[in-house]
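Q: Working from the sequences, and respecting the hints, build out all of it.
Heads up: the sequence lines are chains A and B, in that order. To convert, note that position 273 of the first sequence is 272 in numbering that gives the first Met the number 0; the numbers rise steadily by one, no gaps. To convert, note that position 259 of the second sequence is 258 in numbering that gives the first Met the number 0; the numbers rise steadily by one, no gaps.
No lab work stands behind these hints, which were simulated from the structure alone.
Taking CB as the label site, the calculated pair distances span: (1) B:Tyr228 with A:Ser157: 18 to 28 Å; (2) A:Asp123 with B:Gly205: 48 to 58 Å; (3) A:Ala132 with B:Asn93: 23 to 33 Å; (4) B:Asn93 with A:Thr95: 50 to 60 Å; (5) B:Arg143 with A:Gly282: 46 to 56 Å; (6) A:Ala132 with B:Tyr228: 16 to 26 Å; (7) A:Ser157 with B:Arg257: 18 to 28 Å; (8) B:Arg165 with A:Asn207: 56 to 66 Å; (9) A:Asp30 with B:Ala25: 47 to 57 Å; (10) A:Arg178 with B:Pro276: 48 to 58 Å; (11) A:Pro235 with B:Val117: 48 to 58 Å; (12) B:Glu45 with A:Trp140: 27 to 37 Å.
Facing chain B, according to a computed beta carbon distance under 7 Å, are these residues of chain A, among others: (13) Trp364; (14) Leu371; (15) Glu375.
Calculated from the model, a selection of chain A residues having no Cβ within reach of chain B, i.e. all distances over 10 Å: (16) Ala18; (17) Ser55; (18) His91; (19) Pro98; (20) Glu211; (21) Pro216; (22) Lys220; (23) Leu233; (24) Phe265; (25) Arg287; (26) Leu290; (27) Leu322; (28) Pro331.
Where is the CB? At the ideal position from N, CA and C, for every residue including glycine.
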Amino acid sequence: MSRISSFLAGPHTPQAADAFMAAGGFPIVEDSTITFVWRGDAEAVHLKHWVFGLPSSQQLARVDGTNVWYLTMQLPPGSRVEYKLEIVRGGHGEWTQDPLNNAIARDPFGGNSVAHGTGYSVPDWIYPDPSAAKGHLDEIWIDSNTFGRRGFGLYIPSRFQRTRQYPLLLVHDGHDYLRYASMGTVLDNLIDRLELADTIVVFTSSPNRLKEYADDPNHAKFLTEELVPYVERLFPLDAHPQGRCIMGASFGAVAALSTAYRYPGFYGRLLLQSGSFAFTDIGDRNHRGPLFDPVVAFMNKFRAEPAVFSERVFVSVGTYESLIYENRSLQPLLQSTGMDVRYVEARDGHNWENWRDRLREGLSWLMPGPFLHVYE
Amino acid sequence: MPAALPIPHPTIALLGPQGPGPDVAAVLAELKIRGRVGLVRAGFQEREAEDGAMVASLGVPAVNLLLHARGVEVFRGDAEFTTAYQARQQRLRNMQALYRIRLEKTEEAEHAISVRYVDPELLAQEEKVAVDQFRYLDVDHIERCTAVRDAFEAKWTPGQRPLIARHRAELAAQLAECEALVIAGGHVASLMNRMTLFDVLALAAGKPIIAWSAGAMMLTDRVVLFHDYPPYGSDIAQVLDAGLGIAPGIVVLPDPKRRLKMDARAGIQRFARRMAPATCVAMDHGARVIFEQRKIVRALGTRLTTQGVVEMGWIGTPSRFSSPTLTRMKT
Numbered sequence: 000m001s002r003i004s005s006f007l008a009g010p011h012t013p014q015a016a017d018a019f020m021a022a023g024g025f026p027i028v029e030d031s032t033i034t035f036v037w038r039g040d041a042e043a044v045h046l047k048h049w050v051f052g053l054p055s056s057q058q059l060a061r062v063d064g065t066n067v068w069y070l071t072m073q074l075p076p077g078s079r080v081e082y083k084l085e086i087v088r089g090g091h092g093e094w095t096q097d098p099l100n101n102a103i104a105r106d107p108f109g110g111n112s113v114a115h116g117t118g119y120s121v122p123d124w125i126y127p128d129p130s131a132a133k134g135h136l137d138e139i140w141i142d143s144n145t146f147g148r149r150g151f152g153l154y155i156p157s158r159f160q161r162t163r164q165y166p167l168l169l170v171h172d173g174h175d176y177l178r179y180a181s182m183g184t185v186l187d188n189l190i191d192r193l194e195l196a197d198t199i200v201v202f203t204s205s206p207n208r209l210k211e212y213a214d215d216p217n218h219a220k221f222l223t224e225e226l227v228p229y230v231e232r233l234f235p236l237d238a239h240p241q242g243r244c245i246m247g248a249s250f251g252a253v254a255a256l257s258t259a260y261r262y263p264g265f266y267g268r269l270l271l272q273s274g275s276f277a278f279t280d281i282g283d284r285n286h287r288g289p290l291f292d293p294v295v296a297f298m299n300k301f302r303a304e305p306a307v308f309s310e311r312v313f314v315s316v317g318t319y320e321s322l323i324y325e326n327r328s329l330q331p332l333l334q335s336t337g338m339d340v341r342y343v344e345a346r347d348g349h350n351w352e353n354w355r356d357r358l359r360e361g362l363s364w365l366m367p368g369p370f371l372h373v374y375e
Numbered sequence: 000m001p002a003a004l005p006i007p008h009p010t011i012a013l014l015g016p017q018g019p020g021p022d023v024a025a026v027l028a029e030l031k032i033r034g035r036v037g038l039v040r041a042g043f044q045e046r047e048a049e050d051g052a053m054v055a056s057l058g059v060p061a062v063n064l065l066l067h068a069r070g071v072e073v074f075r076g077d078a079e080f081t082t083a084y085q086a087r088q089q090r091l092r093n094m095q096a097l098y099r100i101r102l103e104k105t106e107e108a109e110h111a112i113s114v115r116y117v118d119p120e121l122l123a124q125e126e127k128v129a130v131d132q133f134r135y136l137d138v139d140h141i142e143r144c145t146a147v148r149d150a151f152e153a154k155w156t157p158g159q160r161p162l163i164a165r166h167r168a169e170l171a172a173q174l175a176e177c178e179a180l181v182i183a184g185g186h187v188a189s190l191m192n193r194m195t196l197f198d199v200l201a202l203a204a205g206k207p208i209i210a211w212s213a214g215a216m217m218l219t220d221r222v223v224l225f226h227d228y229p230p231y232g233s234d235i236a237q238v239l240d241a242g243l244g245i246a247p248g249i250v251v252l253p254d255p256k257r258r259l260k261m262d263a264r265a266g267i268q269r270f271a272r273r274m275a276p277a278t279c280v281a282m283d284h285g286a287r288v289i290f291e292q293r294k295i296v297r298a299l300g301t302r303l304t305t306q307g308v309v310e311m312g313w314i315g316t317p318s319r320f321s322s323p324t325l326t327r328m329k330t
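A: Below is the structure:
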């Protein structure tokens, strides 16, 4: 019998409620179910989550005679779900993190509580490893003709030597990847484990990403004709397509795809995470709003005439995202061109920790380190 | 590869990873080597010179030949040669990537055929065809890599480049004072490239060689890269290149506990058949294969058989699988 069933079957006394709460471990994950719990006085309590396919707001039930609220739902093994609770008092709802759950995922909008389904574990390679050599992170500036003066983050691997040639990785929303996807630590660990090539990484950010990332030719031009050549002047880079990778998530994935598409043969490696690859099969009206219009135009054009523009493309997406259909649809399209495509789904949503958790698989496949060659 | 003819090394000992409790000193003692040895740590690349613990583990005096550092000096000092060398390496990398695509597609086809609803006898035939296709791709890859290296050697005659010639002379003098050559593991491609660049096997002719992990792989006639647990999920074993060929007839697979799915019988069988008639030897810590005059005289390791059996405690008998189809295609 589940914990909540045992509680419901017993006496609904304050003492029983205290004992139930004192056991801790909330939310309660048992096999393929999860039970969210909140305790307090309120008119209503709602679970707010971003699992596409389920109602985004679900009401918790109050256990009769107590101020304990609960909601049990299915959660397939391996899932990772971000959520908040809405506490309604005086007719007004207030969104809050789950006070009974210390697991928090941060993002540009603040933070959400996180529930881990059975079998999910936070990867060990996202935590700082004292034994791993640390790369150097810096912030430098470029005076560009396209966008004027822009700063970008720079990662230099710990074993950097001027006599070697390095691949280059361009990261859209790069500063967010550093803040919310632990990307600096991830790079240190993957490189130290020989799983990722020693790589120079450029973290770009845009003050107007919804415009610039939506198939803006100026953005592609800035990256390809100004930023990359600038970094090539600073560091010994591998100037072959196989040595250039461009990546991004959400609109950043659109930017990565459209930039590579506009410069075929320049970026030999792409990592696309939860891309906002909206398209229409008839007409050009989309239900996501005018910000998506240029994306739809680009995707419709690409879908009509898919063409080779790179060599290897890694696509990842969460099964709990509204964009799952668009990303699933992209995979066969990319493969039809002859490009090498790896497509991965995870039971997760449109969030930074989902993108973080896929970095090892994606980056090590696109720009593998020497682990296959090293036998000590 | 530098030399067309076999270079006489009377005794060659291939060992598993040294890990905790290295056994190289015991092997040196067994071979009655008590004098100075030349130590190759080029597989450790920039960490080549950090040799204190390793030298101590040998139990005999050692001189680190510093092949990696010598290579860096050559590449810094001979720009024309370096440009050509880098172009060759890029060519080989590209060939490796394309060969790998063919392997993957062959594997996909093999899988697609294996699940068809046809009679088992036909499927068995098809399985053999798949093995032969892999074998053909492997042989073809080795031949083309060898051709690229041979063409480079012929055009650039590295031994006649002043810097390389100087290093080779220094190495010859160092090795003349050594009783044996000891080759550690590390990055197998980097190690083999440095060994070849300075023609170290020729300089150490007549001396016993003790090598482990990548060092052991490199001395066989085929270097096979493998990892059943790559960070991106799955991969297929691939031939890197011809080895230096002085320990023929085996495929060395170091560190199998960490890198091989030893319980995947079908995979083991397919791999062993693909590599046959070479014997596939999984070499954990403590494993060894001893060659005398290019023949295995004793061994202790784990053999992967063409029946898919993992034979622990293998002591040196060869593999028997042969492939008639392959002989019609390429040898």
